[in-house]
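Asker: Listed below are the residues making up each chain.
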Amino acid sequence: MSAPNYTDLQLDAMRELANIGSGNAATALASMLGKEVELSVPRALALPLADAVDAVGPAEKTVSSVVLPIFGEIDALVLLLFPTEDAATLCSLLGVEAGTEVGDSAIGEIGNILGTSYINALASMANLAIEPRPPHVVTDMLGAIVASLLSQTVGETDSALVLDTGLAVADVQCELSFLLLPTTGGIAELLGRLGVGS
Amino acid sequence: MGELAVATAPEDELMTIGLGSCIGVAVVDRAKSVAALAHVMLPDASAVANAPAGKFADTAIPALIEESERAGARRVRLEAILVGGAQMFEVGVGSTLDIGARNATAVLEALARARVPVRAQETGGRRGRTMRVHVGAMTVTVKEAGGREVELWSGSPSPRRSAEAIHR
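Chains F and H are the protein sequences, given in the same order. Sequential numbering of the first sequence, starting at 1, is according to my numbering. Sequential numbering of the second sequence, starting at 1001, is according to my numbering.
Derived from the structure by calculation, the hints contain no laboratory data. All C-beta atoms in this analysis are idealised placements derived from N, C-alpha and C, irrespective of residue type, glycine included. Be aware that a few hints might be false.
25 Å max Cα-Cα, derived SDA-like pairs, lysine to any residue [to be verified]:
1. H:LYS1143 to F:PRO83
2. F:LYS61 to H:HIS1134
3. F:LYS61 to H:ARG1126
4. H:LYS1143 to F:ASP51
5. F:LYS61 to H:GLY1124
6. H:LYS1143 to F:THR84
7. H:LYS1143 to F:ALA30
8. H:LYS1143 to F:ASP54
9. F:LYS61 to H:GLU1003
10. F:LYS61 to H:GLU1149
11. H:LYS1032 to H:ASP1044
12. F:LYS61 to H:THR1139
13. F:LYS61 to H:ARG1127
14. H:LYS1143 to F:ALA88
15. F:LYS61 to H:ALA1005
16. F:LYS61 to H:MET1015
17. F:LYS35 to H:GLU1149
18. F:LYS61 to H:VAL1150
19. H:LYS1143 to F:PRO58
20. F:LYS61 to H:GLY1147
21. H:LYS1143 to F:HIS136
22. H:LYS1143 to F:ILE130
23. F:LYS61 to H:LYS1032
24. H:LYS1143 to F:GLY185
25. H:LYS1143 to F:GLU85
26. F:LYS61 to H:THR1141
27. F:LYS61 to H:GLU1151
28. H:LYS1143 to F:THR100
29. F:LYS61 to H:LEU1108
30. H:LYS1143 to F:GLU36
Some but not every residue of chain F turned toward chain H, in silico, with C-beta under 10 Å [unchecked claim]:
31. LEU11
32. ALA50
33. ASP140
34. MET141
35. LEU142
36. ALA147
37. GLU156
Isolated chain F (complex conformation) (with noise of 0.2 Å):
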C-alpha cells in the first residue's frame, strides 16, 4: 500500500491552517457557552487508507457526529466528534436534553457554527471560495462514521489527510474533536493555494 507523500513544509502549512481554523471555531464555541474553550495542537495525519480510522480514535466507541459537507473551489467534509457523554454535557450546558430531536438538533447547530467558524478561516486563508451545506447529526461507532465519509472523499486512493484539532471547554467534561477530510482533489488544490504545492 503506498504511503501518502507530504513534505514536512506541506504538513506544517496543514497543521496551521487547522491551528487557525480551530482557533476561530474555539472562539465561537466560548462566546456561545460563556466559558473558556482550549485548544489543543492539531495534528496533520498523512496515513494510508486503512490506519486513518485507527488513527481518529478507536473504532467501536460510540460517539456522537456533526458532518458539515463544504463545497466550491475545494470540496471536503467537515467532522465534529464527541464522546456521546460529552454530547450530553454539552446540551445541558444550552438548556436541552440530549438524544432528543430537540438536542439532536442543538448539537447539528453547535456543528453548523463551528464548522462554518472553521472554514470562513480556511477560506481567507487559502483564499478560497467555499461554502457549507445544512449539518447532519448521527450517533454511531466512530469506526462506521468515518470509513463511511473517507469512502465517499478519498476512497479511490490509498492514503488519506486528516487535519485533527481537540476543543475542550473549561471547568466541565466536554470535548470534542475537529476533523477537516478533504477530497483528494481537494488536498492538492489546499497545497496549492497555501503556496507548498507539489
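Could you slot chain H onto chain F? The hints should help.
Answerer: Relative to chain F, chain H alone:
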C-alpha cells in the same frame, strides 16, 4: 478498510469493527473449517491500479475465493455471508451518495458471477455494525452501536463432511 484475512484454527475469530457504508463479506467452507473475510469499501476497481485486494467488490470476491482455496477450502463448498452497506449520512460530497447500497449490489453481483451462494445478509439501514466470524463454531455475529451481539448465521457441521469420511 480494504483488508482481507483468512483463518482456519477453531479458536480464530475474524472481525471487522465499525462497518458503515463498507461491507464485510465472509466466505466459508464449513467442512474444512476455513473462513475468509474482506472489508469492501467501494463497488468497483476499474479506475484504480494496484488497489488492496479487499477494497473493491469486484476484486475482493475473486481474492476471497483464491485465499480460501489456498487455505484448503473447496470452491464448490464455499458459502457467503455479508454485513454492512448502511447509508449513515444523507449528506456527502461528489456523486458518491448511497455508496452502501451500491456496495451491496456490487458484492452480490460478484458473488453471483463466482457462483458462491449467499446464506445470510444484513445490509442497508442507517446504523453501523461490527461483524465477527467465529471459525470454530462456524457462526457469524453482528453488533450495532450500543446494541448486543446477535447471531446472523450458524453453519452447523456440513452433512457432506460425514459422507466423505465414510467414503474414505
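Asker: Work down the list of hints and note, for each, if the structure agrees.
Answerer: Results of checking the hints against the structure:
no., hint, verdict
1, H:LYS1143 to F:PRO83, "holds (19 Å)"
2, F:LYS61 to H:HIS1134, "holds (22 Å)"
3, F:LYS61 to H:ARG1126, "holds (17 Å)"
4, H:LYS1143 to F:ASP51, "holds (22 Å)"
5, F:LYS61 to H:GLY1124, "holds (21 Å)"
6, H:LYS1143 to F:THR84, "holds (18 Å)"
7, H:LYS1143 to F:ALA30, "violated (37 Å)"
8, H:LYS1143 to F:ASP54, "holds (19 Å)"
9, F:LYS61 to H:GLU1003, "holds (21 Å)"
10, F:LYS61 to H:GLU1149, "holds (15 Å)"
11, H:LYS1032 to H:ASP1044, "violated (30 Å)"
12, F:LYS61 to H:THR1139, "holds (24 Å)"
13, F:LYS61 to H:ARG1127, "holds (14 Å)"
14, H:LYS1143 to F:ALA88, "holds (24 Å)"
15, F:LYS61 to H:ALA1005, "holds (23 Å)"
16, F:LYS61 to H:MET1015, "holds (15 Å)"
17, F:LYS35 to H:GLU1149, "violated (40 Å)"
18, F:LYS61 to H:VAL1150, "holds (18 Å)"
19, H:LYS1143 to F:PRO58, "holds (16 Å)"
20, F:LYS61 to H:GLY1147, "holds (12 Å)"
21, H:LYS1143 to F:HIS136, "holds (23 Å)"
22, H:LYS1143 to F:ILE130, "violated (38 Å)"
23, F:LYS61 to H:LYS1032, "violated (35 Å)"
24, H:LYS1143 to F:GLY185, "violated (35 Å)"
25, H:LYS1143 to F:GLU85, "holds (21 Å)"
26, F:LYS61 to H:THR1141, "holds (18 Å)"
27, F:LYS61 to H:GLU1151, "holds (21 Å)"
28, H:LYS1143 to F:THR100, "holds (23 Å)"
29, F:LYS61 to H:LEU1108, "violated (29 Å)"
30, H:LYS1143 to F:GLU36, "violated (38 Å)"
31, LEU11, "violated (22 Å)"
32, ALA50, "holds (5 Å)"
33, ASP140, "holds (4 Å)"
34, MET141, "holds (4 Å)"
35, LEU142, "holds (7 Å)"
36, ALA147, "holds (5 Å)"
37, GLU156, "holds (6 Å)"
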